[in-house]
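Based on the sequences and whatever the hints tell you, model everything.
Those sequence lines, one after another, are chains A and B. For the first sequence, the working numbering gives the first residue as 758, with consecutive numbering after it. For the second sequence, the working numbering gives the first residue as 659, with consecutive numbering after it.
Heads up, a few of these hints could be off.
Simulated pairs of lysine-lysine, DSS-like, Cα-Cα distance not exceeding 30 angstroms [unchecked claim]:
| hint | chain 1 | residue 1 | chain 2 | residue 2 |
| --- | --- | --- | --- | --- |
| 1 | A | Lys921 | A | Lys1001 |
| 2 | B | Lys696 | A | Lys771 |
| 3 | A | Lys770 | B | Lys696 |
| 4 | A | Lys764 | B | Lys728 |
| 5 | B | Lys669 | A | Lys1077 |
Read the hints as simulated data drawn from the structure, not as lab findings. Since this is a predicted model, take the numbers as computed values, not measurements.
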Amino acid sequence: MNNNNTKTNISSKKYLDNDLDEFYFQWHITDRCNLRCPHCYQEEYNSKSELSLLDLHKIANQITIALKKWKMKGRIALTGGEPFLKGELFPLMEYLEQDESIWRIGILTNGVLIDQNIINRLKEFKKLYYVQISLDGATKETNDFIRGKGSFEKAIESFRILHKNGINTRLMYTVHKKNYHEVPSLIDLAIDENITTITIERFVPEGKGAEHKEWFLSKDDIYRLFKEILNRAESEYEKGTPLKIIKYRTLWAMLDPDRIKKSDVPLEIDIGGMCSIGIDSITIMPDGTVLPCRRLPIPIGNLLNDSIFKIWYTSDTLWKIRNKNNLKGKCNKCELIPRCSGCRAIAYAMTGDYLSEDPQCWK
Amino acid sequence: MLEVNKILQLKEEYILHKLDIGNGKFWLFNIENGDVYKLNRISYTILSLIDGKSTVGEINRCLFDKYPNKKPDLILKDFEELIERIRIENIINERR
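The structure is reproduced here in structure tokens:
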């Protein structure tokens, strides 16, 4: 820095980082749910915070204004609670689909309510990219112990009917002590059921899940599990299996630091990814409250009262997380920062400090 | 040439932000329409001083003190270039 340089410079930008071209919105349109999973990040399951269709449109307008300003393509995942319990789901999808800035729409569901009538409605949406169903076990016994009786068979039935009707299916698996041993079988199941993508997400003990901190996996367990998943993903990739196992998440980069330096690694076996908080995603709650991430329950504004730009550019929480110098412990100065910054939500749930090191980091 | 007794102020929809990474990143945001401007350090410093209280003369004297090795006429030129740019962009209010 030259302290004697007084040549001023001001340049217009479309966004903080001009290289980004997609933005992800996870929009929880209801808290109502027909299941009561013990590890859930929710605490309430009522409709008191739900918005009318008019208010949902107001929020959608904020989303599309931002996307146009940022010249980004919008990916929106509509979820709950259970999104199919909210009557405004399809009218909202119709509204979103009309806007050119919305690129892809996904639905995150427990799969229990999906029937042919719902499938017929879903097929009307050209921008519907996938339906993601949560499972918490590869067997009926494990899954139903966690998600409730009958939920496994119903979810499998929904995977099948969606596939039969040409709708991409994804599987979300929240991994913890009660189900991590079934991950290999889960991958078999996903291949058998023609599921396109599996996301194996680490359990964040918040909401109801805070009552089950004993389900939280140790760093050694996570290391062994991720290693096993990576080996399996590589093996399936070599065989040409179309299933995609998501590994561009935090911690994964440690499995092969050399791999993340290469630019020609196929997506199927690529690993590691930064937490997207403050970079290219936000979560919207049923009442319009905005969170940095659904698993990090620190409100940073409300889209019915605040402009999305005000939230995005003035939130102290977002700025603290954007500045990786603020990270503590092992995460501070970690050379893997471009491909990992630890899970801020897990840090917060386990320590009360979202800037602390990721407690499952095995480095 | 700006009048020395003029008082400048960023419009209320504009906010400045400094990110302490590396040599620093400096931004000006319009929180109503989403306009984003990337600044260099001196531009950030000047815009920080445009607080609706200090006069142009006071700001310039502050800059002269901050950059004692720089010729005052060059500092004034750089300052006025920035003010002209943000005037065009309708970012500031001006009063005497």
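To see whether the hints hold, each was checked on the structure:
1. A:Lys921 / A:Lys1001: holds, 19 angstroms
2. B:Lys696 / A:Lys771: holds, 10 angstroms
3. A:Lys770 / B:Lys696: holds, 7 angstroms
4. A:Lys764 / B:Lys728: holds, 11 angstroms
5. B:Lys669 / A:Lys1077: holds, 25 angstroms
Consistency note: the structure conflicts with none of the earlier hints.
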